[in-house]
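Student: The listed protein sequences correspond, in order, to chains A and B. Its first residue numbered 1, the first sequence is counted upward by one per residue in this note's numbering. Its first residue numbered 135, the second sequence is counted upward by one per residue in this note's numbering.
Treat the hints as calculated values from the structure; they're not laboratory data. Worth double-checking, as some hints may not be accurate.
[Said to hold, decoys possible] Under 7 angstroms between C-beta atoms, here's a sample of chain A residues computed to sit facing chain B:
(1) Ala41
(2) Leu43
(3) Ala44
(4) Leu46
(5) Pro48
(6) Leu66
(7) Val81
(8) Ile93
(9) Pro126
(10) Val127
[Unchecked claim] Listed next, the in silico DSS-like pairs over lysine-lysine satisfying Cα-Cα at most 30 angstroms (straight line):
(11) Lys243(B) / Lys156(B)
(12) Lys259(B) / Lys22(A)
(13) Lys259(B) / Lys243(B)
(14) Lys156(B) / Lys125(A)
(15) Lys125(A) / Lys243(B)
(16) Lys109(A) / Lys125(A)
(17) Lys22(A) / Lys125(A)
(18) Lys243(B) / Lys109(A)
(19) Lys22(A) / Lys109(A)
(20) Lys259(B) / Lys156(B)
(21) Lys259(B) / Lys109(A)
Model, not experiment: these values are computed from the prediction. From the three backbone atoms N, C-alpha and C, an ideal C-beta is built for every residue, glycine too.
Protein chains: 2
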Amino acid sequence: MIEISPIGVVSSPLTDAATAPKQGDEGAPDAWLEFDPAVAAGLADLAPGQDVLLLTWFDRAARDVLAVRPRGAADRPLTGVFSTRSPDRPNPIGLHRVTVLEISGPRIKVNDLEALDGTPILDVKPVLGGVAER
Amino acid sequence: MIEISPIGVVSSPLTDAATAPKQGDEGAPDAWLEFDPAVAAGLADLAPGQDVLLLTWFDRAARDVLAVRPRGAADRPLTGVFSTRSPDRPNPIGLHRVTVLEISGPRIKVNDLEALDGTPILDVKPVLGGVAER
Chain A
1 MIEISPIGVV SSPLTDAATA PKQGDEGAPD AWLEFDPAVA AGLADLAPGQ DVLLLTWFDR
61 AARDVLAVRP RGAADRPLTG VFSTRSPDRP NPIGLHRVTV LEISGPRIKV NDLEALDGTP
121 ILDVKPVLGG VAER
Chain B
135 MIEISPIGVV SSPLTDAATA PKQGDEGAPD AWLEFDPAVA AGLADLAPGQ DVLLLTWFDR
195 AARDVLAVRP RGAADRPLTG VFSTRSPDRP NPIGLHRVTV LEISGPRIKV NDLEALDGTP
255 ILDVKPVLGG VAER
């Protein structure tokens, strides 16, 4: 068993999974990432304009689901969850590519985030460029 | 506190972090992903040739690190971990884009994986195409 402590929480106008966009680029709103001040040193080199990968924990997901109909569409076949982005899966980690819009201490505003208000944040990673840029 | 049960483990010739490639596309070997048979139904729609995102847990990472010199290079400035892909970070989740080479029951062979032998597997996700393909 692995134990994870969230490093922050999503603050968003989205509160209802049923009506939230299924992906960030499908009309999701801006959101604030409220980081634990204890990890602020890790945020020091982020800047507005950067694209980052945000990892979250879908705390309202069902973890006993192994097959779903993609996008909840009744006319699509049952599909193994590891071939879908369904939040319902054994370890419901969300992966979101977002752009940093604004930074205010340990709070970071990003665009196009479909995660619900209160979603725990696990990690932030840079988007990898080509080998020569690393 | 969030509790995660790994869904499998990496079987790889790589055993030493000091000499392992830093990213998959820097000469990392093929590896087998050995999934727990209990999640096999979730793997049903994966097929050779597909690119997937593999999420792992860097179980040998240091979790109290908030700044590193990228790629361990002494001549690079200390950088906040959330702007790096360092395995040393508060929640050391690895994110790897790999291609499925072969499937044998709950074992899946992939290419270019820099994770060490024995690394726990947390999740597998499809690479998202354009909105029209979802």
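Student: Under 7 angstroms, Cβ to Cβ, is where Leu43(A) needs to be relative to chain B, so tell me if that hint holds or is violated.
Tutor: holds (6 angstroms)
Student: Taking 7 angstroms as the limit, does the beta-carbon of Pro126(A) come near enough to a beta-carbon in chain B?
Tutor: holds (6 angstroms)
Student: Has the given pair, Lys243(B) with Lys109(A), been kept, meaning a C-alpha gap of at most 30 angstroms?
Tutor: Between Lys243(B) and Lys109(A) the Cα gap is close to 39 angstroms, so the pair fails against 30 angstroms, i.e. violated.
Student: Holds or violated: are the alpha carbons of Lys259(B) and Lys156(B) at most 30 angstroms from each other?
Tutor: It holds: about 21 angstroms lies between the C-alpha atoms, which stays within 30 angstroms.
Student: Does the alpha-carbon distance linking Lys259(B) and Lys243(B) stay inside the 30 angstroms limit?
Tutor: With a Cα-Cα distance of about 15 angstroms, the restraint between Lys259(B) and Lys243(B) holds, given a limit of 30 angstroms.
Student: Between the alpha carbons of Lys125(A) and Lys243(B), is the straight-line distance 30 angstroms or under?
Tutor: holds (26 angstroms)
Student: Using 7 angstroms as the Cβ threshold, decide whether Ile93(A) counts as touching chain B.
Tutor: holds (5 angstroms)
Student: With a cut-off of 7 angstroms, does the beta carbon of Ala41(A) approach a beta carbon of chain B closely enough for the hint to hold?
Tutor: Since the shortest Cβ distance to chain B is 4 angstroms, the answer is holds.
Student: Assess, step by step, whether the Cα of Lys259(B) is no farther than 30 angstroms from the Cα of Lys109(A), and give holds or violated.
Tutor: Cα-Cα ~26 angstroms, so holds.
Student: Once the shortest beta carbon distance from Ala44(A) to chain B is found, is it less than 7 angstroms?
Tutor: Holds - the Cβ of Ala44(A) comes within 7 angstroms of chain B, reaching about 4 angstroms at its closest.
Student: Double-check Val81(A) for me: the hint is only fine if its C-beta lies closer than 7 angstroms to a C-beta in chain B.
Tutor: holds (5 angstroms)
Student: Decide if the proposed pair is consistent with the structure: Lys109(A) and Lys125(A), CA atoms, cutoff 30 angstroms inclusive.
Tutor: Judged against 30 angstroms, a Cα distance of about 15 angstroms means the pair holds.
Checked against the numbered hints above, the structure breaks hints 5, 10, 18 and satisfies the rest.
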